[in-house]
Amino acid sequence: MRKSLIILLLVLPVTILSQNLFTQLSYADSLFKNKNYFDAITEYKRLMFFDNSKSFSFITNFNIAKCYKAGGKYEEAIKYFSKAELSTDNSAQKYRAKIEIVKVNLLRKTTDRALQILNEIERTEEFNQLKDSINYWKGWVYIFKDEWKLAKSYFDKVEKGHTLSKISSNVLKEKYSVTFAKLISYIVPGSGQFYTGNILSGLMSMAYNMIFGYLTVKAFSEDRFFDGALIGSLLWLRFYRGNIQNAEKFAIEKNIAISNNALKFLQYEYKGDKP
Amino acid sequence: MTQFPTIYLTVNKLRLISKNPYFNLLKKPFYKILFFLLIMFSSVKPQISNINSPDNRLKFANYLFNEKDYLRALNEYKEYLKQNQNDTAYFKYAESFLRIGRFEEAAENFKSLFFNSSLEDEAKLEFFKAHFLIGLNSKNFSYFRNLFSKEVYSTTKYYKEIKRLTLISHFFDNSALPDTNEFFSTFDDSNYVSIKNFYLIKKSPKYKNPNKAGILSAILPGLGKIYSGKISDGITSFITTCLFTFFSIDNFKHNHHFRGWLFAGLSAITYAGNIYGSIASTHIYNARLKNDFNNKIKYYFEERNFLLPNIEFVNR
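Residue numbers (my numbering), protein chains in the order written: chain A, 757 to 1031; chain B, 3 to 318.
Among these hints, one or two may not hold up.
Stated by the list, open to error - Calculated lysine to any residue pairs in the SDA-like style (CA-CA distance at most 25 Å, straight line): (1) B:K84 x A:K974; (2) B:K84 x A:D795; (3) A:K839 x B:N317; (4) B:K292 x B:V195; (5) B:K80 x A:L886; (6) A:K839 x B:N68; (7) B:K70 x A:S843; (8) A:K789 x A:A848; (9) B:K70 x A:Y793; (10) A:K974 x B:F249; (11) B:K70 x A:F805; (12) B:K292 x B:K162; (13) A:K829 x B:N68; (14) B:K80 x A:G827; (15) A:K887 x A:E915; (16) A:K839 x A:E876; (17) A:K835 x B:G103; (18) B:K113 x B:I136.
FYI, nobody ran anything at the bench for these hints, they're computed from the structure.
Generate the whole structure from the sequences, applying the supplied hints.
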């Protein structure tokens, strides 16, 4: 009885002391869960300010960053993820923060920075066990860099036949070759547009080139060199160049559309870890 | 959140102990120390027990303010001011509005510090700054200048600074610049050279005359363009116009009437287009000159906080 009384009395003030901060944390967490990010950040900051022992430092910084990320404020998010990373000695937590920074970098399209961070992580001995996870995120970096072949190779390293690897190879199959489109347009004007599926524009290109080509040849064959040179240089060459550029433009446009569709699919349908 | 009042708890603990048969134990040294420790523990609590207490709220608000998170800071100040009177907190509350660009609200809140407050002069200074910035955004300083002439808002402490602000405002709109003597007397030596420069440019900007450019281009195609600073454009138009004219004359000479007329038409179009282009390009040149100048003065004054003094206690 005596012992239990003493223990109780000793523990009571300490528990009340930290209980406040715990209540604060759960309050902030509930705001975060309800997607009330602005107030959640305020409450997390309040917790951080009164947490003299810094025992909540990681969780508060990490969650503030998450709120900022959810609100699309990527600069702030990165700032607080970095603070979270610095506030902890736990290697798992460090890794979590680093990967979050990579993800935010992907979202704000600074893929080079994301890759740089991943390479740094790879070089750190501490994270040697996490090769799979690093490769997985490298794959994502290359998706955002629109280099699906490299993305596929990294997902294959994680696991043969990974869902994302399949998606990447599908995208690769669907994509048009820009060089091929240009090349066939050099040989037969309009064929590049046929290749990318823009039939009407291909027909127009073909017709223009045929008419002006015919007129140029006709002028030269009738010894009207001036007319021939004029039509040839100003009209025929113009449409010939235009046809090649047009084919290139269509191929690039279609490729962007394909990538965007794939990204949209990943955003809404893919269930795994994503930025 | 339910909070236990600390004193209540401590008293309760004492009562509990006194009723307890073990109370006598307190006479033994070990238990005396233990009891003392307990009291000490309890006394740590109040500082942190209620993190939403007014004092803590104010501390937190100041922390947010220093972290430049003004939007959150002003919410905290607002909560604090609901129950407490504190001019410094109120000033910072208004200042938060100013710093996130909500100038109207800032001005309104500074106004309430004009009477019975030790921060009256500072509040007036910031009030004028807020109205200046409203003017800067809407490019209309008439209301701001009007305020300066009103007796109620005048302050002896910052009279010179606010006067200077009204003079600076003349750089940002199309109003007539005040007399040089009046203008330069309020500026310090360190800014004198730049300000003088700005004054001269503002007073007589080096604009180019569109009509002159048009006439020049009519006399010699491309000359107007060269006048407006586009030398390569000028040379190109000169060559094209000459070439088309030559083709036209040459074709007429060889009795190719259709081609002659064709090139004559082309030549006429380039000639007329060149005149129009020269006039347009002087307009563009003038607009760019004006824009560059405006950006330059804006940058100059913004970097120096519009030559206003920093208020000490705000940044503490």
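Against the structure, the hints:
1. B:K84 x A:K974: Not OK: K84 of chain B and K974 of chain A at ~91 Å, beyond 25 Å, violated.
2. B:K84 x A:D795: Given pair K84 of chain B, D795 of chain A holds - Cα atoms ~19 Å apart, limit 25 Å.
3. A:K839 x B:N317: holds (24 Å)
4. B:K292 x B:V195: Holds, at about 20 Å.
5. B:K80 x A:L886: Violated, at roughly 48 Å.
6. A:K839 x B:N68: holds (17 Å)
7. B:K70 x A:S843: holds (21 Å)
8. A:K789 x A:A848: The given pair, whose Cα atoms are some 23 Å apart, holds under the 25 Å limit.
9. B:K70 x A:Y793: At roughly 18 Å apart (the allowed maximum being 25 Å), Y793 of chain A and K70 of chain B satisfy the hint.
10. A:K974 x B:F249: Cα-Cα ~23 Å, so holds.
11. B:K70 x A:F805: Satisfied, since the Cα-Cα distance of roughly 15 Å is no more than 25 Å.
12. B:K292 x B:K162: violated (29 Å)
13. A:K829 x B:N68: With Cα atoms ~20 Å apart, K829 of chain A and N68 of chain B stay inside 25 Å; holds.
14. B:K80 x A:G827: At roughly 24 Å apart (the allowed maximum being 25 Å), G827 of chain A and K80 of chain B satisfy the hint.
15. A:K887 x A:E915: Holds, because 12 Å separates the two Cα atoms, which is no more than 25 Å.
16. A:K839 x A:E876: holds (18 Å)
17. A:K835 x B:G103: Measuring from Cα to Cα gives roughly 23 Å; hence the hint holds.
18. B:K113 x B:I136: holds (15 Å)
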